[in-house]
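S.K.: So the protein sequences, as listed, match chains A and B. With the first letter of the first sequence counted as 1, position 172 gets the number 172 in UniProt numbering; the numbers rise by one all the way through. With the first letter of the second sequence counted as 1, position 108 gets the number 108 in UniProt numbering; the numbers rise by one all the way through.
Source of the hints: derived by calculation from the structure; they are not laboratory data. Keep in mind that a hint or two might mislead.
Pairwise CB distance ranges (calculated) [claimed, not checked]:
no., chain 1, residue 1, chain 2, residue 2, range
1, B, GLU185, A, GLN83, 50 to 60 Å
2, B, ALA232, A, GLU185, 53 to 63 Å
3, B, ASP187, A, PRO33, 37 to 47 Å
4, A, ARG25, B, ASP254, 55 to 65 Å
5, B, VAL29, A, ASP254, 52 to 62 Å
6, B, LYS221, A, LYS307, 25 to 35 Å
7, B, GLU185, A, GLY108, 45 to 55 Å
8, B, GLU314, A, HIS337, 23 to 33 Å
9, A, ASP254, B, SER212, 55 to 65 Å
10, A, SER140, B, GLU314, 51 to 61 Å
Values in this document were obtained by computation on a predicted structure and should not be read as measured data. Quick reminder that beta carbons are idealized off the backbone N, C-alpha and C, glycines included.
2 protein chains.
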Amino acid sequence: MESRDGSDVHSTEGWGYAADIDSIREAQVRIAPYVHKTPVLSSTSIDAIAGKQLFFKCECFQKAGAFKIRGASNSIFALDDEQASKGVVTHSSGNHAAAVALAAKLRGIPAHIVIPRNAPACKVENVKRYGGRIIWSDVSIESRESFCKRVQEETGAVLIHPFNNKYTISGQGTVSLELLEQVPEIDTIIVPISGGGLISGVALAAKAINPSIHILAAEPKGADDSAQSKAAGKIITLPSTNTIADGLRAFLGDLTWPVVRDLVDDIIVVDDSAIVDAMKMCYEILKVAVEPSGAIGLAAVLSDEFKRSSAWHESSKIGIIVSGGNVDLGVLWESLHKQ
Amino acid sequence: MESRDGSDVHSTEGWGYAADIDSIREAQVRIAPYVHKTPVLSSTSIDAIAGKQLFFKCECFQKAGAFKIRGASNSIFALDDEQASKGVVTHSSGNHAAAVALAAKLRGIPAHIVIPRNAPACKVENVKRYGGRIIWSDVSIESRESFCKRVQEETGAVLIHPFNNKYTISGQGTVSLELLEQVPEIDTIIVPISGGGLISGVALAAKAINPSIHILAAEPKGADDSAQSKAAGKIITLPSTNTIADGLRAFLGDLTWPVVRDLVDDIIVVDDSAIVDAMKMCYEILKVAVEPSGAIGLAAVLSDEFKRSSAWHESSKIGIIVSGGNVDLGVLWESLHKQ
Numbered sequence: 001m002e003s004r005d006g007s008d009v010h011s012t013e014g015w016g017y018a019a020d021i022d023s024i025r026e027a028q029v030r031i032a033p034y035v036h037k038t039p040v041l042s043s044t045s046i047d048a049i050a051g052k053q054l055f056f057k058c059e060c061f062q063k064a065g066a067f068k069i070r071g072a073s074n075s076i077f078a079l080d081d082e083q084a085s086k087g088v089v090t091h092s093s094g095n096h097a098a099a100v101a102l103a104a105k106l107r108g109i110p111a112h113i114v115i116p117r118n119a120p121a122c123k124v125e126n127v128k129r130y131g132g133r134i135i136w137s138d139v140s141i142e143s144r145e146s147f148c149k150r151v152q153e154e155t156g157a158v159l160i161h162p163f164n165n166k167y168t169i170s171g172q173g174t175v176s177l178e179l180l181e182q183v184p185e186i187d188t189i190i191v192p193i194s195g196g197g198l199i200s201g202v203a204l205a206a207k208a209i210n211p212s213i214h215i216l217a218a219e220p221k222g223a224d225d226s227a228q229s230k231a232a233g234k235i236i237t238l239p240s241t242n243t244i245a246d247g248l249r250a251f252l253g254d255l256t257w258p259v260v261r262d263l264v265d266d267i268i269v270v271d272d273s274a275i276v277d278a279m280k281m282c283y284e285i286l287k288v289a290v291e292p293s294g295a296i297g298l299a300a301v302l303s304d305e306f307k308r309s310s311a312w313h314e315s316s317k318i319g320i321i322v323s324g325g326n327v328d329l330g331v332l333w334e335s336l337h338k339q
Numbered sequence: 001m002e003s004r005d006g007s008d009v010h011s012t013e014g015w016g017y018a019a020d021i022d023s024i025r026e027a028q029v030r031i032a033p034y035v036h037k038t039p040v041l042s043s044t045s046i047d048a049i050a051g052k053q054l055f056f057k058c059e060c061f062q063k064a065g066a067f068k069i070r071g072a073s074n075s076i077f078a079l080d081d082e083q084a085s086k087g088v089v090t091h092s093s094g095n096h097a098a099a100v101a102l103a104a105k106l107r108g109i110p111a112h113i114v115i116p117r118n119a120p121a122c123k124v125e126n127v128k129r130y131g132g133r134i135i136w137s138d139v140s141i142e143s144r145e146s147f148c149k150r151v152q153e154e155t156g157a158v159l160i161h162p163f164n165n166k167y168t169i170s171g172q173g174t175v176s177l178e179l180l181e182q183v184p185e186i187d188t189i190i191v192p193i194s195g196g197g198l199i200s201g202v203a204l205a206a207k208a209i210n211p212s213i214h215i216l217a218a219e220p221k222g223a224d225d226s227a228q229s230k231a232a233g234k235i236i237t238l239p240s241t242n243t244i245a246d247g248l249r250a251f252l253g254d255l256t257w258p259v260v261r262d263l264v265d266d267i268i269v270v271d272d273s274a275i276v277d278a279m280k281m282c283y284e285i286l287k288v289a290v291e292p293s294g295a296i297g298l299a300a301v302l303s304d305e306f307k308r309s310s311a312w313h314e315s316s317k318i319g320i321i322v323s324g325g326n327v328d329l330g331v332l333w334e335s336l337h338k339q
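Next up, chain A with everything else stripped away, as it sits in the complex (with noise of 0.2 Å):
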């Protein structure tokens, strides 16, 4: 495993990734008064679907609907107080917004969300819940960012990236210190992968807990630069996506990338009307409101693809994490009927 180092990688410890157990063990602390530690479900119904045991890690239930607190807490709170008096800010279609907008009412600091036009309402009604100040850019990942420069040179907030931080991904491990807690007995992780915060920080904590653990990556098929970066061994980005799971838009950054290209054992790629009928499955048989990006673990499990892999043969506990909850109950309703 080659080490990496560079300017923008905070720590080069353990195995040379952004972050490691020990950044993540420390998260664990850090963050403990700000999330829940949500609970694991499992149906024997769906699990004679899928021909495997399935162990649902349900962050859909986390504080602000997402995984995504564990980051946002973690990169706030480990502001001194300096920083943190200017207050944050961030670019997000939903819910890492939310989770930044929470997390800095909980700090008692600002926070500025640029958000694009085209987020999922009740996501921007989270932010706005929390007390998140919004700035609005257009949907192009450009106008996001020039907003959000431009919040950083007139107040002097700190940029709270949704993945590419140390913090972030530290943060994102901890869903997986607590799996591996709540059922020692999993072979197997399934991880929705946009920027790759979440599986990054998923995968360094699994492997360093179980080096034996495969961890495999859902990708919706419209916006499949994961599964073509691993392919080409660089990153890729889209000029466009096209999926109904509007978390999963993002393109992968320098320091998620060494994590997804060495740990990440294989990319199941699956196309939206899977995702519905696994969103579909999660209401009816698991009694959750489950987003799309948070349903493409389970759409990847019931896949052709999944059932021809090696990782098929080699898994028979699995773990999957339900990143989160947050659909327009409207949008679930009309994609159900669109199938």
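Please build the complex by placing chain B on the supplied structure of chain A, with the hints as guidance.
M.R.: Okay, now just chain B, sitting in the frame of chain A:
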């Protein structure tokens, strides 16, 4: 507290009700292999709306989607082999039906299920999924009972009553043992009331553990026979019922009434629109699919009637039994849009 007896009372130990803390602890051991220990969820957003700290005991995540498997498996696994070999029979609009089918399947015996023609589709599907033999009846309780009796005569199957039975009540009581282990500081428990099996078990267990705990019932306005019974001091039945809460249309039995009369501190009556609002809040904030009967506890906590009651001042940490999650998505969507 007056002692009670009579030929229908299977146990007169302790306080003289049909069940007691010992029969409930026995049930907990008997059913442990067949039920989930369901998680307790909380939400600071909902707490802020309610003005109380709420703990949602999520029986919607229970096997077959409702608490009913607790009483059904306790009743069915308490049968001796000769009784069990002839199978079991019950009549139910849904959740108890599926629970009996599942528990019978687990014991390897036949289940005959009499279902009224107006039962929700998803609940009928559950019965089919577990291999129950369905016998359709008319909607009236007379029709259900007469079909049930015929099956008993023809097959020798044992009737598993949905609520008026020591083993059913004892099984349902295990939900409150669990809740008080998970959150010992709870001072009030709110329970949906219909035939009274769940609330009897919950009250008997909770008041044995903590005599000062408050037990409140939540009942739909269109089937408020229990509130009328409490007011009249005797069992009142209604000529008809009209509520979206399809699981709450039964009337008290002779074994549940004494417990409701003596141990239920108050009954909060709510209308259907409050139930639908609570279902929506469960979906949008808790991220949980909750059927109308399961959402009624939250509706009661949020009601003006509760705020005006003495119980409001005496409660600060409230357990809410979310009894089940079997709701057709279409029904949820349509109810929200009728508002």
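S.K.: Next step is simple, just say for each hint if it's right about the structure.
M.R.: These are the hints, each one checked on the structure:
As the Cβ distance of GLU185 (chain B) to GLN83 (chain A) is approximately 37 Å, the hint placing it in 50 to 60 Å is violated. Range check, ALA232 (chain B) to GLU185 (chain A): Cβ separation about 55 Å, and the 53 to 63 Å hint holds. Between ASP187 (chain B) and PRO33 (chain A), the C-beta spacing of about 24 Å breaks the proposed range 37 to 47 Å. Separated by about 58 Å at the C-beta atoms, ARG25 (chain A) and ASP254 (chain B) satisfy the suggested range of 55 to 65 Å.
Look at VAL29 (chain B) against ASP254 (chain A): about 56 Å separates their beta carbons, and that is inside 52 to 62 Å. The hinted range of 25 to 35 Å is not satisfied by LYS221 (chain B) and LYS307 (chain A), whose Cβ atoms lie roughly 51 Å apart. Against the hinted window of 45 to 55 Å, the Cβ-Cβ separation of GLU185 (chain B) and GLY108 (chain A) comes to about 27 Å, which falls outside the hint. A hinted range of 23 to 33 Å for the beta carbons of GLU314 (chain B) and HIS337 (chain A) is inconsistent with their spacing of about 47 Å.
For ASP254 (chain A) paired with SER212 (chain B), a C-beta distance near 60 Å keeps the hint of 55 to 65 Å intact. In this structure, SER140 (chain A) and GLU314 (chain B) meet the distance hint of 51 to 61 Å, their C-beta atoms being roughly 56 Å apart.
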